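Trainee: Each chain, letter by letter, is given below.
There are 2 protein chains.
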Amino acid sequence: MIDLAALSGLRAVATHGSVIAAAEATGFTPSAVSQQVKRLERQVGVPLLERVGRGVMLTSHGRHLVEAGEQVLADLERLEAEIQHRAGVVTGSVRLVAFSTAMRGLVAPVARRLLDEHPGLRLTLDEREPWDTVDLVAAGQCEVGIVHRWGGVTFAVPDHLATTRVADDVADLIVAADHPLASRDKVTPRDLLDVDWIATPEGTICRQWLHRMYDGTGRPPRIAHVSMEFESHLALVAAGLGVALVPRLGRAPLGPDLVAIDVYDPVPTRLVDALHRRTMADSPAVRAVLDALRAG
Amino acid sequence: MIDLAALSGLRAVATHGSVIAAAEATGFTPSAVSQQVKRLERQVGVPLLERVGRGVMLTSHGRHLVEAGEQVLADLERLEAEIQHRAGVVTGSVRLVAFSTAMRGLVAPVARRLLDEHPGLRLTLDEREPWDTVDLVAAGQCEVGIVHRWGGVTFAVPDHLATTRVADDVADLIVAADHPLASRDKVTPRDLLDVDWIATPEGTICRQWLHRMYDGTGRPPRIAHVSMEFESHLALVAAGLGVALVPRLGRAPLGPDLVAIDVYDPVPTRLVDALHRRTMADSPAVRAVLDALRAG
DNA sequence: CATTCCATGTAGTCTCGCTACATGATTGAT
DNA sequence: ATCAATCATGTAGCGAGACTACATGGAATG
Chain Z
1 MIDLAALSGL
11 RAVATHGSVI
21 AAAEATGFTP
31 SAVSQQVKRL
41 ERQVGVPLLE
51 RVGRGVMLTS
61 HGRHLVEAGE
71 QVLADLERLE
81 AEIQHRAGVV
91 TGSVRLVAFS
101 TAMRGLVAPV
111 ARRLLDEHPG
121 LRLTLDEREP
131 WDTVDLVAAG
141 QCEVGIVHRW
151 GGVTFAVPDH
161 LATTRVADDV
171 ADLIVAADHP
181 LASRDKVTPR
191 DLLDVDWIAT
201 PEGTICRQWL
211 HRMYDGTGRP
221 PRIAHVSMEF
231 ESHLALVAAG
241 LGVALVPRLG
251 RAPLGPDLVA
261 IDVYDPVPTR
271 LVDALHRRTM
281 ADSPAVRAVL
291 DALRAG
Chain R
1 MIDLAALSGL
11 RAVATHGSVI
21 AAAEATGFTP
31 SAVSQQVKRL
41 ERQVGVPLLE
51 RVGRGVMLTS
61 HGRHLVEAGE
71 QVLADLERLE
81 AEIQHRAGVV
91 TGSVRLVAFS
101 TAMRGLVAPV
111 ARRLLDEHPG
121 LRLTLDEREP
131 WDTVDLVAAG
141 QCEVGIVHRW
151 GGVTFAVPDH
161 LATTRVADDV
171 ADLIVAADHP
181 LASRDKVTPR
191 DLLDVDWIAT
201 PEGTICRQWL
211 HRMYDGTGRP
221 PRIAHVSMEF
231 ESHLALVAAG
241 LGVALVPRLG
251 RAPLGPDLVA
261 IDVYDPVPTR
271 LVDALHRRTM
281 ADSPAVRAVL
291 DALRAG
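Taken in order, these protein sequences are the chains called Z and R. The first sequence begins at 1 in full-length UniProt numbering and counts up one residue at a time. The second sequence begins at 1 in full-length UniProt numbering and counts up one residue at a time.
Some hints here could point you the wrong way.
One copy or two, either will do: identical chains are not told apart, so a pair holds if it fits within one copy or between any two.
As the list claims (entries may be wrong) - Below, simulated EDC-like cross-link-like pairs (lysine to aspartate or glutamate); rule was C-alpha separation at most 20 Å, straight line: (1) LYS38 x GLU70; (2) LYS186 x GLU127; (3) LYS38 x GLU50; (4) LYS38 x GLU231; (5) LYS38 x ASP116; (6) LYS38 x GLU77.
Rather than coming from a laboratory, the hints here were simulated on the basis of the structure. As the structure is a computational prediction, the values presented were derived from the model and not from experiment.
Generate the whole structure from the sequences, applying the supplied hints.
Mentor: Okay, structure coming up:
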């Protein structure tokens, strides 16, 4: 009999291209993944992986096994969800991965109530950036992923994942109370050509969107300081080092030394989506989590 | 993730109707089967088995899980066979179950050569009566089963099993060398109305056929002695206690004190068939075993 | 040619699933 | 009504199997 856990290991090797990458994607050691593949090879009696250079490559049999095995794996997951759906029982383990502001602004308020309402539900939380999140959901490492994308800035989501809109998160311009713009009702990027920005690091989605917001002005934003966390942005703004664009989701109440100003034309909005595998669409547990997120 | 081994346990309970029967069908203890079901229930979070009286019954969810799970199990088995088929490698483990005369007359001569030709093949032999054999093959407890049926005496074979004719086994009348019939070239049941028979026990297929052979005579055969094994039949015949109908397959050479006489009208022929699950039709290992049996 | 990176062996540990046995529950018989 | 029989299921203990940590062996890179 083919061992499905081992098959998952081979699938991870196939999708990630190396034993080491597969190992860290599945949370095992490279040795464990290697042994899983060997176990599979012993079970079917056919070589599945071959060394090429200092890496590995799937044999044609290995590729075929993964392709067809994925179907079996999906069928099994769908079957489990279907049984629970028929029973109408919210039960089982849901691993949820979110980006940090969603974790504190969206997940945290909802999780407690969710667990109280459904005693059979086991919820496991983890914090990742959106790109990693997509991979984790796609590979079956977690059931629900929460990602954000600014309007227009998209990234690819595999076909076998479904998307649910969870929130529209608007960002405000945060300035110090004594800043010249502090008295303004609302501002547009053309008002912000000469301000110093406190921004997230190069390569982050928020940073990309800050640039895109300036598209109509013909100039790039002037980045003065960089920080990972929006909480730190607030501190830097309060210290008079510049202004920041901070989403409302998960934002702590502003102190008296800070002012939030609406931005328009365009309104900086990021879309917050929940991802799940379509095979889990019938799972009452996943559905309960999604419903709670949408309502919260 | 649903544990497929546990699912097999539940399936056995479903098909055999009780935990104990499922246990002896799968070769586990009742406690193990019970724990397998509990494990499954924990994984899907839905009760699958409920006590009724002093036995058990599947819940509707349990029945649905078995029904759909059987599909997954079959897909996985088919996938394994298909991979090996593509590779053209005779490998893996084949469990073969046969009735006793086939074991010594058919399997034994073939097994040695089979193992020598295919080093990757692991062959496990077991001896059972045909009814048990059908169950074992159907339930996935063995890959190949060898059964016999006399013409006309049939038994049900599930749809998902395939049948391969392996041999036509003719039985002769065995009499002591000093018996009045010993000089005859051939005999017909009408010549045997008053002989004492040495027969297999009530309920065996051979016994049923002995009765059916007498259908045209209007009389039942006179059973004098009963013995499980044809080897013993020969000894009893040699001792002058009666005559016996002994198949040629697996029959030891007759001593000088015994004579084999052809029977006609009807010729007592039993059909020897090999059974295998259709999901294993592509398995080179199963195919090699079947080919060898047919050739031998 | 040394260094680095990757995969894979090896030894040890730990978890998980099975067996053996005991218990609880229900039915049928005396 | 009681006792025996039968079935399922808990519990303790044991053994196999799967993973981790570490060491080894190739292959590419500078």
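Trainee: Quick one: LYS38 to ASP116, C-alpha cut-off 20 Å, is that within a copy, between copies, both, or neither?
Mentor: Neither: 43 Å inside a chain and 25 Å across chains, both beyond 20 Å.
Trainee: With identical chains, the pair LYS38 and GLU77 could be close in the same copy or across copies; at 20 Å between alpha carbons, which is it: within, between, both, or neither?
Mentor: between (24 Å within a copy, 19 Å between copies)
Trainee: Can you give me the call for LYS38 and GLU70, within, between, both or neither, at a CA distance of at most 20 Å?
Mentor: So LYS38 and GLU70 pass the 20 Å test inside one copy only (18 Å; across, 27 Å).
Trainee: How do LYS38 and GLU231 come out at 20 Å by Cα distance, when the copy is not named: within, between, both, or neither?
Mentor: This pair counts as neither: shortest intra-copy Cα distance 48 Å, inter-copy 47 Å.
Trainee: Can you give me the call for LYS38 and GLU50, within, between, both or neither, at a CA distance of at most 20 Å?
Mentor: within (11 Å within a copy, 40 Å between copies)
Trainee: Cα distance capped at 20 Å. Does LYS186 pair with GLU127 within a copy, between copies, both, or neither?
Mentor: For LYS186 and GLU127, neither the intra-copy (33 Å) nor the inter-copy (88 Å) Cα distance is at most 20 Å.
In this structure, the hints that do not hold are numbers 2, 4 and 5, in rising order.
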